[in-house]
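Protein chains in written order, with this note's numbering: chain A, 1 to 264; chain B, 1 to 326.
What the hints contain is simulated information worked out from the structure, not anything from laboratory work.
There's no promise every hint is true.
Claimed, not checked - Computed beta-carbon distance windows for the label pairs:
#1 B:K286 / A:A248: 19 to 29 Å
#2 B:A182 / A:K200: 38 to 48 Å
#3 A:M111 / B:A150: 51 to 61 Å
#4 A:D25 / B:D186: 37 to 47 Å
#5 B:V178 / A:P110: 28 to 38 Å
Stated by the list, open to error - Here are the simulated DSS-like cross-link-like pairs (lysine-lysine), alpha carbons at most 27 Å apart as the crow flies:
#6 B:K295 / A:K240
#7 A:K183 / B:K201
#8 A:K226 / B:K90
#9 A:K240 / B:K323
#10 B:K141 / A:K251
#11 A:K208 / A:K54
#12 B:K145 / A:K251
#13 A:K183 / B:K90
#14 A:K240 / B:K286
#15 A:K32 / B:K301
#16 B:K201 / A:K148
#17 B:K90 / A:K240
#18 B:K223 / A:K18
#19 A:K262 / B:K56
#20 B:K323 / B:K265
#21 A:K240 / B:K301
#22 A:K262 / B:K265
#23 B:K223 / B:K141
#24 B:K265 / A:K226
#25 B:K223 / A:K183
#26 A:K251 / B:K90
#27 A:K156 / A:K54
#28 B:K217 / A:K183
#29 B:K265 / A:K240
#30 B:K323 / B:K223
#31 A:K2 / A:K198
#32 A:K2 / A:K201
#33 B:K323 / A:K251
#34 B:K295 / A:K251
#35 A:K226 / B:K145
#36 B:K301 / A:K262
#37 B:K265 / B:K286
#38 A:K262 / B:K201
#39 B:K223 / B:K265
#40 A:K262 / B:K323
Bear in mind the structure is a predicted one, so any value in this text is a computation, not a measurement.
C-beta: ideal position from N, C-alpha, C; glycine also.
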Amino acid sequence: MKILLILRQVPDSTTAIKIAPSGADIDRAGVKMVLNPFAEFAVELAQHLRETRKDVQQITALIAGPAKAAEALQVALAVGADEGIHIQDDSFDQLDELQQAAAIAALVRPMGFDLIVAGKQEIDLDSGQTGPALAEALDLPHVGAVTKVEIGAEGKSLKANRRIEGAEEIFSTPLPCVATCEKGLPEMRYPSLPNLMKAKKKPIRVVKTAEIEGYAGAVDRVGGTKVAGVELPPPRPPGKVIGGDPAAAVKELLRLLREEAKVI
Amino acid sequence: MTNDILVFVEQRSNHALPAGLQCLTAARVLAGQTGGKVIALVMGGAIDAAVAETSKAGADRVIAIRDAGLERYSATRYRTALCAAIENAKPRIVLLAASFLGRDLAPRVAMRLGAQLATDVTELQFAGGALSIRRPVYNGKANAKVSFKADRLAIASIRANTFAPPAAAAAVSVESLVFAAAPGDDRLNNEGVERSAGEIKDVTEADIIVSGGRSLKSEENFKQYIFPLAQALDAAVGASRAACDAGYQPHSRQVGLTGKTVTPKLYIACGISGAIQHLAGMRGSKVIVAINTDKEAPITKVADYTLPLDLFAVLPLMTEAVKGMR
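Make the full structure from the sequences, and use the hints.
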């Protein structure tokens, strides 16, 4: 079985967001970048499959982004991935999520992966388009937002629980397929220092878009949205403080919720 | 391509999803800007009641796709059905709810049709021949303005409770469209649903959430103080990461960055200080109430109403008062 991990490097979740002077992006100076937390589950899942099965031949981790994104790739290589692919090309970074998925599909289609695993969304743009869009571009089934994954004994099928509102749906599908990871899967183990050192010796192939066969056609036929600006959300108007006697405060709160906010 | 807006109104157990119907409100405004009509689409197995609800929600036309093969969600079959409806109606813009289903389905449809997509949208405008939208990014810490190309189908999934429900309208006629599965659709098999948690609503499907933090001190106190108020308000129970990590509530109820992102009409935070990760998961709520003895806690900076009082004194009084209102 050949497994492909789709990774992304994102600002750490505790980052205080400031807007860049251009108004078109956040200010990235000094922002701590980490592996997308939802992709961490994918990295752990692949290594777990390798340790519990005999048929995992290869785990490949793919990331796109500037040279710095290789740090996130190193984490996956330290936990267990065998090799990395790094799409490092400004023109790729300008594409929207659908176009990026189409380009990744063009790159990986000839590689014959049996299982492709991504995060259910990236915690920067929060768009969640990559996994399902990649599956569609490759004409593969997918199960999104999975909290539990089992691979059949023969290594030819996947069964997964998918999170929905207040419940889980259970899907089965033959391989090859795509799955996207939701919280609930086992958390990624901490990459040890010796493994981080060993990871530096694992091969990373840097890919330019010009090397992707059919790239122009793939990205031209879909997507095309542009981020025209990024802004901080308008501040919430200052709230009211209702103190004093608890019974009187409760009465006043319920009155305000009913008459002013009109939510109950 | 027409100037019409197609709204896929998701149904569950033969009821139109409120977040799906809310898209009709957004579509009506857009249709005024494009000069087109609003077309609603409902699909599933036995869906007559959901179709009837949708037909009275202000659309100009309703399309129904009834097929036993659509009884349960499948990303591939639903993609094929939605693509067929789009090819039939030839809209300029397609809207759907950014539910778990909508998030899963929309990217496949967009890729299949060579369309453009923005997910979890909170504002839309059609001007100069093209759609532009706003959507939260960085977990609500910023908003992105996104512009679409004019000459290509635009799809947007809409965040729940962003738009009001549509006003009741006279029923319009319903057209039927036949579903034909595409080759390969049946590789994906939905074997069924496992309900979690039990009688209380999930945080992602509730209009009101009563949420507790570590100050609750125990699972027993959640049962004694949080759940009765939630039941009285027909609300869901949420919890902070600290409360979940302490074992007071399961992680399925966790609101925040690594938990669930929620946008209810009313969020009542009880004994939650408001760590940045928690705020990320609930700051999109329409109205926020903080019950917290610490007047300076970060949650009070986003709260519309703060009660700087002991939650153990406030919650039983509030539960009784709410029961008295109903």
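Point to revise | Violated hints - listed by number, lowest first | key: Violated hints (numbers, rising): 3, 10, 11, 12, 13, 17, 18, 23, 24 and 26; every other hint is consistent with the structure.
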